[in-house]
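Asks: Numbering-wise (the numbering used here), the sequence shown opens with residue 54 and increments by one.
Hints may contain errors.
What the hints assert, rightly or not - As a list, the in silico SDA-like pairs of lysine to any residue whose alpha-carbon atoms are at most 25 Å apart:
#	residue 1	residue 2
1	K1095	I1156
2	K764	T776
3	K672	H707
4	K770	E727
5	K276	H198
6	K817	T787
7	K890	V813
8	K817	E784
9	K429	L337
10	K429	L404
11	K757	K825
12	K401	A443
13	K849	G694
14	K1160	V1189
15	K682	N721
16	K442	E415
17	K673	Q708
18	K745	N734
19	K899	E1192
20	K480	E784
21	K724	V665
22	K418	S461
23	K849	S902
24	K442	T389
25	K628	R645
26	K288	C270
27	K849	P928
28	K442	A339
29	K890	G694
30	K1159	V1227
31	K193	D266
32	K810	K825
33	K401	D433
34	K672	K724
To be verified - Derived Cβ-Cβ restraints for the label pairs, each shown as a range:
#	residue 1	residue 2	range
35	G1071	R1209	26 to 34 Å
36	Q1142	P1059	25 to 33 Å
37	A439	K709	36 to 44 Å
38	A439	K1159	51 to 59 Å
39	E1093	P944	35 to 43 Å
40	G1060	A439	48 to 56 Å
Just so you know, these hints were derived from the structure itself, not from any lab.
For clarity, every value in this text was computed on a predicted model and none was experimentally measured.
All residues carry an ideal CB built from backbone N, CA and C; glycine is no exception.
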Amino acid sequence: MAEAAPQYLALPSGLLELCALLGAPRDSLRGPEQVAQKKEVKSLSSLDPEVLSVFVPPFVTKEDSQPAGVNCVTLGKTRRRSFRKKRERPKAEPSKGHPFEGHPSKGQDPEDVGIPNGVDLLALPQLCFPGGVCVASEPKEDCVHFLVLTDVCGNRTYGVVAQYYRPLHDEYCFYNGKMRWEASGLGRSAAGCFVPFAVCVVSRFPYYNALKDCLSCLLTHLKICKDFEVDNHIKDFAAKLSLIPSPPPGPLHLEADGLILINIDTGSITFSNDEDVDVPDIPLLAAQTFIQRVQSLQMHRELDLAHLCASTDLNEGRACRRAWQQRLNCQIQQITLQLLVCIFRGVKNHLNYEHRVFNSEEFLKTRAPGDQQFYKQVLDTYMFHAFLKARLSRRMDAFAQMDLCTQSEEDRIDGMLLSPRRPTVEKMASRKPSAPHGAHRRMVVSMPNLQDIAVPELPPRNSSLRKMRTEDCGGSHTVLDVPPKLTYTFKIPEIHFPLVGQCVQAFHADCVAQLSKAMDSLAPENSVLLARYFYLRGLVQLMQGQLLGALLDFQSLYKTDVRIFPADLVQRTVKSLSAPERAQAERTPELRRLISEVVDKPEDAPKADDRVKNFELPKKHMQLDDFVKRVQESGIVKDAGIIHRLFEALTVGHQKQIDPETFKDFYNCWKEAEAEAQGVNLPFSVTEQLDKNECVYKLSSSVKTNRGVGKIAMTQKRLFLLTEGRPGYVEISTFRNIEEVRNTTVAFLLLRIPTLKIKVLSKKEVFEANLKTECDLWHLMVKEMWAGKKLADDHKDPQYVQQALTHVLLMDAVVGALQSPGAIYAASKLSYFDKMKNEMPMAVPKTTSETLKHKINPSAGETFPRAIDVLLYTPGEGHLDPAEKVEDAHPKLWCALNEGKVVVFDASSWTVHQHCFKVGTSRLNCMVMAEQTQVWVGSEDSVIYIINVHSMSCNKQLTDHRSSVTGLVVQDRAQAPSTVYSCSTDGTVLAWNASSLQVTSRFQLPGDGLSAIRLHGGCLWCCTGNSIVVVTTAGFLHQELKIGENFKEISTSFLGFQLMPEQEQLWAACAGYDDIYVWSLQDLAQPPQRIHLQDCSRIHCMIQVKKQQIWVGGTGLSQGRSKGKIYVIDAERKTVEKELAAHTDTVNTLCSAEDRYVLSGSGRDEGKIAIWKVE
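Please model the complete structure; the sequences and the hints are all you need to start from.
Replies: Written out as structure tokens, the structure is:
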């Protein structure tokens, strides 16, 4: 049977999509001819332009360019040819011909019109001649302008238009052997009439300056050529540009529904159409800061460089000017990006990532009244919807990186809070609006201040941003001193004419040769440029028909910059492979993996739902699962366990479902309490008594107490009385110092008034407050906060206080929503920690409490705890890379959670440095730092992901392993790049050059189950389950420790091992044993020593700390319960010094922080990290 032809492959366009010649139609120029004869040129009016000629690639037929032995069915681009636009042609009368009338070239069909998407030929003449075609009495200077063409789907192409003038009748142009003016019967006086023409180049890339330079060169030829040669010159010009392959544009894109030009100097706004568009004012404070920064720019090069001598070298002067312009452009880009971040930073506080929901109503409530119109219009645009998609996908784009670089320490801390945000004392002190302004500007993220300080009003809005008074504006007006990105020039080989197949093939071959030469001379660390060379060479090889070579180049993008990997093009290329080519690809390991990743897997996997939903109140009754989803979407609480308790509270005494009215009442009560907290006014005499990070979460009604009349205020740390009259501060107690809380009644005449009594440590007087109807609720709330604080102190975990606050605020909302006699009992279902304290009053063991320093929760803000699979500590300060920013110079803790998520903490403050970002979707097994700039992460999906520690982005992947990557180890060298060794479960060990990311050697160990790798004494120590194999770095066997020779009574395997170089020992754990076994490295054949671990049920991990300690993590019994346990062993005495039990789930991983602290990560039931001090 004959083999089917491979599927048709459409190649990506080159630099040029379309080139057109535009001008006035022939018939419309008869009037100017006659007027020119009468010397009345000044009375000429503008003419309507039209497209005269259109040139669309390819300019060489497939038959002309087909090389011998190549199946060109797979190589062609879309089936379109270069053509001249068909127009009505007059009869063949010499006197009625026109110099610019189209003449289709031989063999071309003028009906074969294939216009690129997004280019409207009907609209193009008006865009190229906005004022029409104006005939002039004398030639005018050439001019250039730029276009952005957008189709209905939002796809963009870019145009550059160059206008030039030619005489209406050129005496140098000959038709049928006569000069044009003689043939038409016109006198020489008509030569004083000049007509404008335009050449428009359309490209998929916004290379405005490059295309401008190219068109400028073309115009020099068009001005001196004969009329009938114009089309040939333009066609040759277009053919050259169409052959030039273009790399993908950079990662930063601007979108806009229409073209709007804003002149910052004058404040004027110009639209691309005649419609009356209502453009709202940009948010005031953001606009003022932007203007201040713009004013500090050095925008006049001559003034900026006036103190320097002039350059005498033309090329040097041009390069200097280009560098100055690039620096200025970079600063403008950074300032504009800062403006966008300032305007939209608050969006992330109203997103639910799990269900992809944006609560637009609550977001608008946080905006100033004067900014509402701006946000309402923006929120309805496609541009903002695309922005939301990127945020919900946690994309680490330019916006996210700028947000990360400019966020405050308080914003970082807010990301770790389980309880809702409230204004802190520090924010109250930092914002000092005047009384009228504060009354009209309610912000969720800040509260007004009652200090009697006269603060000038912000200046009124003005149509001209430049003219706005900015001296009273807050915020920094400095410009980020960002060095411009380096630019590189690649010289395109010469294109020879005539443009026939052999010339095109020679051009492609020269391109490949020069690209290969440039790549060979490039330093390995310049991976961004190397990726562009790979991409370009891949495109050229596709044009040559070298599909396998092109796929290999595209596969190399995984190691250099995966962001520009052309997945769709690779899929189409693979489908276009012939049977022999596909067979050859399957025999090549790199291509086999590539085909599997981009062709086979995407078809099997369901397409992710990337829609963005707006939050709406439910309209149907909700069972538990639906209720959990709705509460998470609302942004009230995310933790599923807390929502389960809330469900129990709202359904006490009812069927286990919640009706829409109950949910609405609960939601409104929550939001009303939130708004009430924003309206709290605290005088300076009160705020100075509080910590800067304290927030007021709850205020009582005005009540009588034994310390005066006032309102009881609750923060996360204390209770205090806000006295009436002259507002004052009366300390009640911190939650830590509470000794007893009672709910009782006191007699007043014939009534019994409910009273709350609080006894404080070291104080004889009991605080009493006649809270009346609020007493029962405050009793529940204070007891819950008291219990939460005690648990936080015992477990060194501040998250308990945050969770207790959430319980307290939910209690308040439940009571407000139910409004029934049973409301207090329902709210008691949320007294989780108070019940825990009463039912399980077990203290933390003394040794554990003394050794434990702190706990952090990388799953904060998630719907449920996530298991911590790997921890990595990377030092700062003296280990800094020169390129690292000062603010990022702190040590960091990298936490690998399940499903490929990574959270980064600032290890100097234990606050979140980078919230969750993805490296694949599988479990992560190992992490290591290489070259001080990279974190390598080995995954179950057999990929090694490389994270850039500066940008916190993962743009490189190593795909040479074929099974789960289980171990990574770095061999540092003084001069040469480091070598990283990686291993996978199938027994493969690879050695990598950490700089070039190339595999320098590889070998295969027999059997499966390779789970760990260590480097010692110039050899690799590999744990294969049944044995520990010692091999040279080249893979030659040195020695082997077989587990069967030491454990003959029970079948077992090695769980893990640790080398102790100082003691010349190997420590190992075995499955099914609660012991640690120690072998001497001098003689592995000798029986091992055994160290028993009391009450240990399973061992998961072990690390060396300092030189004399081994820390072992696993699961064991503590106080009769199964918990995560850590055993600290003295390596010299072989004894267990400490047993530490601070995790409710197993200890999955351990890591050391400079031998000062040890960090332990627990399983999914708890999902927290404990920080232990080392003695």
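Asks: Take the C-alpha atoms of K817 and E784, compute the straight-line distance between them, and say whether it is at most 25 Å.
Replies: holds (15 Å)
Asks: Could you grab the alpha-carbon distance between K764 and T776 and see if it respects the 25 Å cut-off?
Replies: Since the Cα atoms of K764 and T776 sit roughly 6 Å apart, the hinted pair holds (cutoff 25 Å).
Asks: K1160 and V1189 were given as a pair; does the straight-line alpha-carbon distance stay at or below 25 Å?
Replies: holds (15 Å)
Asks: Does the Cβ pair E1093, P944 satisfy 35 to 43 Å?
Replies: holds (38 Å)
Asks: Given the hint that K849 pairs with G694, test it: the Cα-Cα distance must not exceed 25 Å.
Replies: Holds. K849 to G694 sits at ~21 Å (cutoff 25 Å).
Asks: Has the given pair, K1159 with V1227, been kept, meaning a C-alpha gap of at most 25 Å?
Replies: holds (9 Å)
Asks: Would the hint linking K442 and E415 be met if the CA-CA limit is 25 Å?
Replies: Answer holds: K442 to E415 is near 18 Å, not above 25 Å.
Asks: Given the hint that K849 pairs with P928, test it: the Cα-Cα distance must not exceed 25 Å.
Replies: holds (24 Å)
Asks: K429 and L337 were given as a pair; does the straight-line alpha-carbon distance stay at or below 25 Å?
Replies: Given pair K429, L337 holds - Cα atoms ~15 Å apart, limit 25 Å.
Asks: For the pair supplied as a hint, K849 and S902, confirm whether the alpha-carbon distance does not exceed 25 Å.
Replies: holds (8 Å)
Asks: For a C-alpha distance cap of 25 Å, please report whether K480 and E784 respect it.
Replies: Roughly 22 Å separates the two Cα atoms, so the pair holds.
Asks: Given the hint that K724 pairs with V665, test it: the Cα-Cα distance must not exceed 25 Å.
Replies: The given pair, whose Cα atoms are some 23 Å apart, holds under the 25 Å limit.
Going down the numbered hints, you'll see the structure goes against none, and every one checks out.
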